[in-house]
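On the provided structure of chain A, position chains B, C, D and E as indicated by the hints.
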Amino acid sequence: MGTATGIIRALNSGIKHIALKRFTLRYPEEKLKFVGDGYQFDPSTGVGIAGLKGRHMLFHDHCTGCQLCSIACEGVAEAIGMVKVPEEWKQNKKSIMPQIDYGKCVFCGLCVDACPFYALYMTNDYELSSFSKEGLIYTPAQLAVKPEVAQDSEIQISARGATHG
Amino acid sequence: MIKKCAYLFIQKLGFKAKLVGELAGNYSTVVLMFGFAVAAMAPALVISRMISPRKRSNPVKFLPMECGQVPSGEGRTHFMMQYYAYILMFVVFDVVAIFLYAWGSTILYLPKEATLPIIGFLAIIFAAMAFALQQSGRRNIW
Amino acid sequence: MSSDSEKEAVEKKPEESKPTETKPPEKPATAKPDEQKPAATKPAPAKKPAPTKEEPELPAFEKGIADKIIEKFGEKTTISFVKPDRVGIKVGRDDIHNVAEFARDTLNYDHVDSVAGVDYPADKEIEVVYHLSSYTDPTLSRQILELATRAQREEDPIPGNDATKLPSLRDIFYSVEFHEREVFEMLGVYFEGHPDNRRLLLPEDWADLPPLRKDFRNKGR
Amino acid sequence: MSVIAPNFKLSEFIKSILDNVFWFLLIFTLIGIPAVMFILFYIEMPVIDGELLTPFLALTWLADPSRSIPILKAFMATDLFRIAAFPGFGFAALLAAGTIFVERKMLAKLQLRVGPFYCGKVEGILQLMGDGLKLISKEIIIPAKADKPLFWAAPVLFVATAAAFVALIPVAPGWVVADLDVGLLAVFAVIGFFPIITILSAWSANSKFPFIGGIRALYQMVSFEIPLILSLLGVVILTGTLNLSEITASQSSFPWIIFLPIGAIVFFITMLAELERIPFDLPEAESEIVAGWLTEFSGMMYGLVQLGTYLKLYSFAALFVVLFLGGWNGPMIWPPFPEEIITEGIELGPVTAQFPGLPVFSQEMLNGTIWFVLKTVGVIFFILLPRGVFPRIRVDMLLDLGWKKLIGLAFVNIFIALGLLYAGILGPGGIL
Amino acid sequence: MSSPTLPPGLAIQKADERIMTLNVGPQHPGSGHMRIIVQIDGDYIVACDPDPGYVHRGEEKMAEYRNYTLNVPHLERPVIHDSCNILYPYVLAAEELLGLEIPERAKYIRVIASELNRCIYTQYWLAIYGIFLGHSTMFMWPAGDRELLIDLMEKMTGARVTHSYFIPGGIRNDLPANFEDVCLRQVNYFEKRIKEYADVFYNNPILISRTEKTGVLTRENAIKLGTTGSVLRASGVDYDVRKKEPYDVYDELDFETNVMKDGDSYARSRIPWLDMMESCRIIRNALQKMPKSGSVRVKLKPNPKGELGSVYKRIESGRGALGCYIVSDKKVEPYRVKLSVPSFRNLIALPHLLIGEKLGNMPSVYWSLNYWPVEADR
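Protein chains in written order, with numbering that gives the first Met the number 0: chain A, 0 to 164; chain B, 0 to 141; chain C, 0 to 220; chain D, 0 to 431; chain E, 0 to 377.
The shape of chain A in the complex, shown without the other chains:
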């Protein structure tokens, strides 16, 4: 009898779930909303600010070409290389800035931690796929562009189950 009860309970539980809400994020149409503008690091306090570790953003007017991000990355992914930039910046005498290869980057954010001048951020943009390996290499000019992201879906919990809205 215990067996029969168990089987009936299992069937009952299965049928009950047919009425629950679907818990699927239909990705290209819905995008999950993240906290803040992305992972940032405050060198003065030594603590990061929570956010998604997506693709980087480089502030050219802060970057001094000190290569600390590149050195940090050398131990992790070797994704950051320093390249010459055409512009002249007074804080950046050598005119070199990081160029990031997202084919290698592991999005750990240690380069952001390493930057002492608040020049390298991470943004909420994670759609970086490309048809060629070259397309994954982001030059300093590309990194300076703030990405447009439309992410608004959030987990909503109600009596009829959780859903992505």
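None of these hints come from the bench; they were simulated from the model. Treat the hints with care, as some may be off.
Unchecked claim - If the Cβ cut is set under 7 angstroms, some of the chain B residues that face chain D in the computed set are:
hint, residue
1, S51
2, Y83
3, Y85
Said to hold, decoys possible - Here are the simulated DSSO-like pairs of lysine-lysine, each with C-alpha atoms no more than 27 angstroms apart in a straight line:
hint, chain 1, residue 1, chain 2, residue 2
4, D, K108, D, K147
5, C, K71, E, K194
6, D, K120, A, K30
7, C, K82, E, K243
8, E, K223, E, K243
9, E, K298, E, K329
10, B, K60, D, K108
11, E, K291, A, K32
12, C, K75, C, K62
13, C, K123, E, K330
14, C, K164, C, K123
15, C, K82, C, K62
16, A, K15, E, K194
17, A, K30, D, K108
18, A, K15, E, K191
19, D, K133, D, K8
What the hints assert, rightly or not - Here are some of the chain C residues that sit facing chain E, going by a computed Cβ distance under 10 angstroms:
hint, residue
20, V114
21, D118
22, S132
23, S133
24, E176
25, L199
Don't be surprised by glycine CBs; every beta carbon is placed ideally from N, CA and C.
For chains B, C, D and E alone, kept in the frame of chain A given last:
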């Protein structure tokens, strides 16, 4: 002659076969259904064979599945599961089960006393089955 | 391993432990220019905890464990450190079997957490560290006993067929079986008495040096 | 780009399709049409609506749609229509396709997923077609040492056997492909073929995992065939016939499941096992023996086996309906036809369309079909549901269940039927 | 096969010809990234030889070339579903070697992240356990409900699986605003969801009859083989590092360890499920006791050098006690990093459990060991 044969053939295919008995005609429809499915499904394989790519360059592709390893040993081997006894039991009791149908389908026309031998027969079956099940439980002898 | 110093002295005055373990003259000069890691100075001896804190404040329970081992085996073993919940013992390769048996039977350590091999090219030795722990004895549940022993190291190793050998502890602690196989393939230490000294993680056709030796170089590093 | 994987070029794919279409059309027009004309010329054509059907007339329906109606009517009266379309293959394949879709969506709902969604705009309704296209355009790989004729034949035979099973199912009064006097025994005969095909294909693949899967299929058959047969004996005892149509007709007042619930439960469980559905899908247990006896099938061969499986699922569900749920019996819900539709046709804009099927399809038949389909879909739902809530069982548990529990229950069912008969509740002289 | 003199079928088979060798894995739905060579006699397994190493990446060797901070992103790779926990002992050991004392708030956040990660890992494990038993719903439900916690981890750390969150000196970033409320809401719902697994899975009579009394590991054997985690606790040994040797703030939190006596597959699969409920309790408790503000990371000077010596630290991960042994030689890089991973320690039990079992029990017994092949290979 040719005309006659073709006529018969088409009659078989399409129209009620008048030349064959009604009963055989009924059975023939089962066979026809079988043949129809074969005739309808074989083209699926043929079309698939025609439009799908065929690359025969890599012989490894045609090895039997062995989870990414090079196959070791034959696929067709002497392989015996420890439940062999059940197969022997099946051979016997399947016939018995069908035999019961001969009794069951005519029970409405039989006198009630005719059931008693069957009950006795079932009792013998139960005894035999219990013995066989007990033997089949002895996995080490199989 | 002939360490003649007093166990007590070693513990309390860690600077003395230096000469006991490895050959003192070699150490300063070991750093070859091409070696990325210079000769391991002292693997296990933890001078820091003892001297910085007050000396008499060695954790009593752990010290008791260490004392028991020293009492039994005397000069054959050395205490490399005593820290809260951790005791480090150094044993020669001939005595490791007996010490492990003692640890199991008398001290109630019943399994091995991990077996780590450490390569010391400057000492021409490979250290194998057994981390013993106990499930059955509630007083030992926090404790880890590190049994360290050293095997001779060969420059051109032929794993299994050279002098880099140690007695296996599998007959004492069954749980070292896979760990010792790993140490064998990663460092080339052959465990005598181990029933199954085969490759475990590396590919079957691995023909290079054992990869965790210091002279095996990662590409580009 | 990978070196090994060939580059897929859409243009080449389309070209290969167009090539085949071209050759088909060429051969058909040069050989096929003359051959048809030739055959039609030598054949004595039947008389339809008082008019002799000549080859010319038979082909004029291409030009004149109104002429096609008598031909269609004639066609619908033939066995070929029954085999290919209505109670036979087409109907069953349609229901099977619907089953696949319902299974995927229902399982997705149960598992809080979405299921097929994008193909066909409306909740992925065309997903099955997409899958079919994918399967048909995939390469068929046959293991090098396989027994090729058997290996090729297995999927086709599987579908054909399932189709033969479909042929035995009465859908509506008089609408059955093969109305056999020993229909139930024929069903057992056909069911017995499936494990043989499984074992043959498993043996022919010359690979270990299919082999084990085939052996397991054999054991599954061995342990569940006898309870399956015995569980239906109760119905036979009470009706006194083996003809499925007569069994259905005997349930006009009440279905047998009311009197023989134990038999129905045993038959349902054995049905799941014969279908290799989830609690009993040992021959295809993917976590143990990769995909069981399907491991070496690829492309359309796999697709055919799946089609056969779902045809089989429909047939078993229909058999359950026929034996225990009263088949086509049910209150009349189909609206009666106005006389003029049958006699005069319907005015649809400028033309008068005479509904071709109506003289063939009667109201009873359509009503019966509706009830039959509704009940079958209900049973199919309960066949699909265990897949969501039960794990797979083991071979020894399976044998235990089949040989010790289900056979015992089947005998209990027989004795219940005997008791009902001899107590005079049912049978001649009873309330029946 | 038959000898030529005898007609086929009458050839006398040698006894060992009954035995078939099956390579289960690495490309098998019922193995992870490893191969289990099993020999079966009919339905029974007579020999079993696990062959891990297909995803061996030399993490220990790689760790010798990077400094204590830069080791973080790649040391978490072996178990990306449990990446906080596999970093935990490394970070604890590195902090002891570097002489760091981390802030109180960071300890609590570490505990929360670690427990969330344990649930994420266990859900993944449970999903695969479900599919190994042919229970597709039990694959989809945990995989979906896991999303609730992954969402929390994403808010917390900025990454879905490879968090790189713990670092010598504390944690990378503070919690986002109103994280506590969201966390409490989702964890409560998560706990409600996992309790619903009982009807369909854990109390399902078919599952119970299938996994009970299979692959029994006795208490003596569990101790002798040095197993750990849920395998050990399912065999009746009450040993949880969180209780026995509390690290960070586990000694201040209120929770219990789950122990079962049977030592069979069912007990081994039930323990992680019960552990998840305890994890939810720990998370709620930690959220309550956590200091509401304060620093979460001590500033580290660039390229810190470790003290001379060695440290062995262990924690309780989703699979069992996870130890990290670091030898330092006063350099920027550690001299030797050894991860003592629970999967590797539990693997030794696999042949002991499988021999004599039926082939149909292989996936359930194998996966009930809470084994993660990538972690064992490192």
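Evaluated hints:
Contact between S51 (chain B) and chain D, as hinted, is supported at the beta carbon level, the nearest pair being about 5 angstroms apart and thus within 7 angstroms. The beta carbon of Y83 (chain B) comes no nearer than 9 angstroms to any beta carbon in chain D, farther than 7 angstroms, and the hint placing it at the interface is violated. Residue-level restraint check for Y85 (chain B) holds (minimum Cβ-Cβ distance to chain D is 5 angstroms; threshold 7 angstroms). Proposed proximity of K108 (chain D) and K147 (chain D) is contradicted: the alpha carbons are some 41 angstroms apart, above 27 angstroms.
Under the criterion of a C-alpha separation no larger than 27 angstroms, the hint pairing K71 (chain C) with K194 (chain E) is inconsistent with the structure, at around 54 angstroms. Using a Cα cut-off of 27 angstroms, the hinted pair K120 (chain D) and K30 (chain A) holds, with the two alpha carbons roughly 21 angstroms apart. Taken as a hint, the K82 (chain C) and K243 (chain E) pair is honoured in the structure, with Cα atoms around 17 angstroms apart against an allowance of 27 angstroms. The suggested pairing of K223 (chain E) with K243 (chain E) holds, with an alpha-carbon distance near 19 angstroms, which does not exceed 27 angstroms.
The hinted pair formed by K298 (chain E) and K329 (chain E) meets the criterion: a straight-line CA distance of about 20 angstroms does not exceed 27 angstroms. With a C-alpha separation of about 38 angstroms, the suggested pair K60 (chain B) and K108 (chain D) falls outside the 27 angstroms cut-off, and the hint is violated. Taken as a hint, the K291 (chain E) and K32 (chain A) pair is honoured in the structure, with Cα atoms around 25 angstroms apart against an allowance of 27 angstroms. Among the hinted pairs, K75 (chain C) with K62 (chain C) is consistent with the structure: their alpha-carbon atoms are about 18 angstroms apart, no more than 27 angstroms.
With a CA separation close to 20 angstroms, the supplied pair K123 (chain C) and K330 (chain E) stays within the 27 angstroms bound. Annotation: proposed proximity of K164 (chain C) to K123 (chain C) holds, straight-line Cα distance about 13 angstroms (limit 27 angstroms). The straight-line distance between the Cα atoms of K82 (chain C) and K62 (chain C) is roughly 9 angstroms, inside the 27 angstroms bound, and the hint therefore holds. The suggested pairing of K15 (chain A) with K194 (chain E) holds, with an alpha-carbon distance near 15 angstroms, which does not exceed 27 angstroms.
Distance check on the hinted pair: K30 (chain A) and K108 (chain D) sit about 22 angstroms apart at the alpha-carbon level, within 27 angstroms; holds. Distance check on the hinted pair: K15 (chain A) and K191 (chain E) sit about 15 angstroms apart at the alpha-carbon level, within 27 angstroms; holds. At roughly 15 angstroms between alpha-carbon atoms, K133 (chain D) and K8 (chain D) fall within 27 angstroms of each other, so this suggested pair holds. For V114 (chain C), the shortest C-beta to C-beta distance to chain E is roughly 8 angstroms, which falls under 10 angstroms, so the interface hint holds.
Taken as an interface hint, D118 (chain C) checks out: its beta carbon lies about 8 angstroms from the nearest beta carbon of chain E, inside 10 angstroms. Here the hint on S132 (chain C) is kept, as its CB sits about 8 angstroms from the closest CB of chain E, short of 10 angstroms. Because the smallest distance between the Cβ of S133 (chain C) and any Cβ of chain E comes to about 9 angstroms, under 10 angstroms, the interface hint for this residue holds. A distance limit of 10 angstroms between C-beta atoms decides the matter here; for E176 (chain C) the minimum to chain E is near 6 angstroms, and the interface restraint holds.
This hint holds: L199 (chain C) has a C-beta 6 angstroms from the nearest C-beta of chain E, less than the 10 angstroms allowed.
The structure is inconsistent with the numbered hints 2, 4, 5, 10, although it conforms to all the rest.
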